[in-house]
Amino acid sequence: MNLLNHLRRLGSFFLGDPARRFASASAVLTLSLAIVLSSEFVNDWHSYQRQFLKLVRTRPDAAALERRFERGIHQIWIPEQGIVDRCTTCHLGLKEVALADVREQPFRPHPTIPHSLTEFGCVTCHRGQGAATTVEEAHASTKAWEQPLLPAKYLESSCGQCHLGPLEGTPKLNLGRRLLARYGCARCHSIPQPDGTAVVPADDPPPLRHIAEKTSREWLFAWVKNPQAYAATSTMPNLQLNDQQASDVASFLMAQSTPSGSAPAGDALEPTLLPVTIDASSSGKEEGASLYGSSFCATCHAAQNAAGNVVGGDLGPELTGIGGKVDAEWLRLWLKNPQAYDPRTRMPHYRFDDRQIALLSSYLLSKKGEGLLANVHLPTADAASVARGKNLVVEYGCAACHQINGVNAPQTFAPDLSRIGSKALAQIVFAPQMEKTLPDYISQKIRDPRSFGHGLKMPKYNFTNTQIEALTTALLAQTGRAWNEPKNLVRLAPRRSDYHPGGEGGRLIEDLRCQSCHAINGSGGGMAPDLTTEGSAVQRAWLEEFMRNPGTLRPALIRRMPKFNLTPGEIKTVADYMISAYQSPGFDPHTLDPHALTGDAAVRGKDLFYLKYACQSCHIADYNKDKGYVGPSLTAVGHRRPAVWIYNWLKNPQAVRPGTMMPNMRLSDNEARDLTAFLMTLTARENGAAQ
Amino acid sequence: MIPLSRWQEEFKEIFSARVRERQLGFRHTWYLGSLTLGAFTIQLITGILLMLYYHPSVPQAYADMKDLQFVVSSGMLLRSLHRWSAHAMVFLVFVHMAKVFYRGAYRPPREFNWMFGLGLLQLTLLLSYTGYLLPWDQLSYWGTTVGSNILSSIPFIGDKLRFILLGGHSVNANFLLRFYVLHTVILPVAVIGLVAVHIWRLHRDGGMYSAREAHEPAATTPPSDSPAAQGNERTLPYWELLFREVIAIQVLAVILVWIALHWHAPLGQLADPTHTPNPSKAPWYFTGLQELFHYFPPFVAGIILPGLIMTALVAVPFFNVNIKGESLWARNKLRRLLAAGVVVLALTGFLVFFHAWVPLVPVWIVGGFLVLSAASSSRQSRTSPSWLGSRPLSFWIMTWFLAEAITLTAVGTLFRGPGWSWVWPWRS
Amino acid sequence: MQKENTEKENNRDDQENRSHDITRRQFFLKAGATSLATAGGCAGVFGLRYLSPSVLYEPSPVVSVGKPDRYPVDSVTLESQLGIFVVRLSEGFYAMSAICSHLGCLSAWKPDAGVIACPCHGSAFHRDGAIVNGPAPRPLPWLKMWMSDEGNLMIDRATTVAAQSGYVRA
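Residue numbers (my numbering), protein chains in the order written: chain A, 5 to 695; chain B, 5 to 432; chain C, 9 to 178.
Rather than coming from a laboratory, the hints here were simulated on the basis of the structure. It is possible that some hints are incorrect.
[To be verified] Part of the chain C face toward chain B, derived, beta carbon under 10 Å: (1) R32; (2) Q34; (3) L37; (4) L44; (5) S60; (6) S62; (7) W117.
Just so you know, even glycine gets a beta-carbon here, dropped at the ideal spot from N, CA and C.
Work out the full structure: start from the sequences and follow the hints.
So, in structure tokens, the structure goes:
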């Protein structure tokens, strides 16, 4: 009762009549305004700046740091790129080298990067909401801003927005882009790039038009069910078909196969030279193995060796189980001329004779692999099965990679990935039980594409975690911002060309598929040296000798150029073509007077080599004395390189080959000439013996 | 220091009207009119301040929202205050209208003022609608897109109207600019003008005792729901009422300021013409209408029904049938009960035909209360008159309308999810 | 008698009331008004804070005018976008504001006459900013200039230095 009375009295004191009510209301309003208006002083960035000051004051260089500190909101404003970033309001130590020992955020200084911190702001690389000044809104995904901060492991993707080609500092991004090309992602998904190009697939799916000649229905079934069971390094993904579906696809593929014309009727091969494929004599097998080795098939093909490791190149398919796959006759005809079966194959046309073919095929056919087909028993292939198989082939888009009779390559079969890095979260259907962020979506999709629902068709790859991270990085670089960058900021990818050599020489170069390994004029592989200016880089005699017998220039390398058994006429044709067509425009023969390369000059040159410039620290001129293993051996350079080339190289190596390790020694013209004269006297053969 | 009495003298000069003492109390009008005006004043002040940082261009508008939220001193507070005051104003204007109606203060000579009030209601809704676009976020963009498409549904002139309103064929920068001009110039000026007339009319109609009325009590008709209006009643200077209303506005301001501190005005993603959020909901005062769109074609739900409602509201004072506020059941009870039953059934049939289940609910609830009131009115002769039984027809119609509005708004706001499907709010 | 007394007392009380005391009503009204005034003042102060922008969308006063080779020796170049004269003599570079100190027009270098002339009211300056004639009250100020790490000439438009204070070497 007392309490109630007190309350009543209080009530009437404050609210008894209008004047009191007015006073009370005014007082409450004033108080409220005071509190509410002052609330802005307790926000995030104020308190972080106070903390920063506290931190700075404990340090020895406090005075300088405090002088540089400005209270208030800091902003990086770049109107041309639409950037408004206020991260530096709380991240106050970004540019302070003096705070290098500070580890805790937000005061940690920024690691060294090739760009200045104010060149692109923060959000270009790190995403998040740059305009925000609260912790939650700046870093997390909120109603107002979907894109949270990018996890550090995917940071290289931001470099990829402007840098469309490979960069030294972004190994993960480079790997991811290579994987995108190598695993044929671009065959189903179009991935156009902001510079007008698109990701070009770098894999080599074989045509299936004549598949019945090559292999059996059982093998096709086993392959389609699980490609990696046949060849662990195969780039074909697993379509996750059940047995019935795989059997139907195999039936269809066998049914659609037409004759290839690679086996012209009446191709007379003496039966006696055809060894029996399965039980070859052991010596025959050994010789076959050694021929396989000396032909350097391993440069392009991987195979499992005796120790169980898969070694070799990845330009062609893995041959571990080739014996269990291919038809013997097919293999023989293939080795004779691959292009008769597949005109677009990357495999060169070796000039094997029949005996060599027999040896090689018997060796290859003995490589059975894991006995893949042991338990494969398929029902008969009836018309219904073939029809179902065709539907499956159309549904799963096999023709996007392989040429198949009666099925055209599908257009826009899978979603365009050109802006996948900016996909709105609201447009993504996430798999159950997963983190709802964009990078997680992309990695999960790559890891297990069909975990997102029913009826999805993307096949499953067997990527490692490193590969998935790299692929996700490469895909996250495909952002809307990349497409809207001011053009002056974009760093283009190296341009690919469609160059193919012409004429008689060109026909031979095509036949030998030199461009599978060598790049010429921007078109070709990267495994072997670029031949664009080879004509001015080597002496003709050497070139012919090399093509006759490809030797090794750098012993440390495992891969070797195969020996093609070319006829002298063929060698001459190719050498003619290369020497005349592949000249560097910068090598004016008049810059060097060949008569000036006298013996005296050579003596002077030798002194320069050993005494003044100590070239022997990197190069070997004399096998007996020198131990320089950094650069290539020069014992035969006089035999290989033309004098003009050596002269130009010595004057400015980076102009001849950008990125070479050899320093520019700033030689005078005379010195270069004398050194050239000396080097031209080094004409030993490979084994060190003098000519 | 001017003595306070001198201020009183000044007020007396300016506001020579007088008010009856009984009208000073809160329970009379709940001070709703002045509360609405107070909310509007808050809008004016906060709005003008916000204009200093806002550029009505695309996409700068959204960036300015971010600036106000993160960078401008007290920017977030002003934005929140502006938003919640807007909601308060809409709410208050509806409650004010209902209170005026239930008091019967629309009856002659106040029917002119009633229409001005309805005009102010329209202007308030329009102010809200135009202001909604200005942040240029997803909800703004798509909410107004839907609204502009309703305009298209008008036959013959709809597309032309939409073209003029949008300044183009789609919601773009021109549209933002036009809505900005509407929101900051045209509509506020109209509101101020109408408010001035509204208040002047209020005085002239004797809502508060004017000096004339004090001398000529017979000249005006006193409000009919204050039975002992004549007689010895004290009158006070007008500023006594004003004073109390100022206190009410202060309380409103305190409440709004604390709400603004605690709940920030929301902001979504930047408007994206290529992607419609799901669901795209209008602000709460329009979700009722949006719910109607679920059942009826756009022309009906967007033009016909609101048009009918407005017409009914405007026409209300001209139905001079029940000046004395006679109960619905006073005469011809059985016949009227039957008529009510027929109306309820007809409405039910109409709504069922359109699968409009939600609007059906208030029909039956109010119908139920109607029957209850009929039952209780028969006891009138024996016991004291039951309040429910003595309500006039106008009460029932307005109550039904309000029940519909509340139900539809509640459903549209709380019980609708993606694709406008039914969701239980505690589950999502 | 008593009535008279009471009346007198009442009158006295009334007089006292009128001169010293205020009624409770008046007190509360005054208190309320004062609170509101305080609130108004508080709001005014915060209003001023609101009106002063915390971030400015203005370009930085520090600008780069490129590499030294752009400017021939013994030349005066007007960078009209920036309102700066870049002068290169044999001793080195210096930068001057091109905004006339009279009323803010952009002046121009007249090589034939060897002066910097302002088109608005006829002020003329020497190449080093000193006044030749005209209504200009002060010489053209020299601006702080330095060479960046990348080899660009940088000028801070917001900082002046004394005239003849030094040259930036290319």
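Supplied contact hint for L44/C, tested at 10 Å Cβ to chain B
holds, 8 Å
Measuring from the C-beta of Q34/C to each C-beta in chain B, is the shortest one below 10 Å?
holds, 6 Å
Any CB of chain B closer than 10 Å to the CB of S60/C?
S60/C check passes; min Cβ-Cβ to chain B is 7 Å, inside 10 Å.
Restraint check, 10 Å cut-off on beta carbons, for S62/C near chain B
holds, 5 Å
So, as I understand it, the hint says W117/C touches chain B; can you test that by seeing if any CB pair is closer than 10 Å?
Violated, about 38 Å.
Hint check: 10 Å Cβ-Cβ cutoff, L37/C to chain B:
Holds, because the Cβ-Cβ distance from L37/C to chain B comes to roughly 6 Å (cut-off 10 Å).
Hint validation: R32/C versus chain B, beta carbon distance must be below 10 Å. Holds or violated?
violated, 13 Å
Checked against the numbered hints given earlier, this structure breaks hints 1 and 7; the rest are met.
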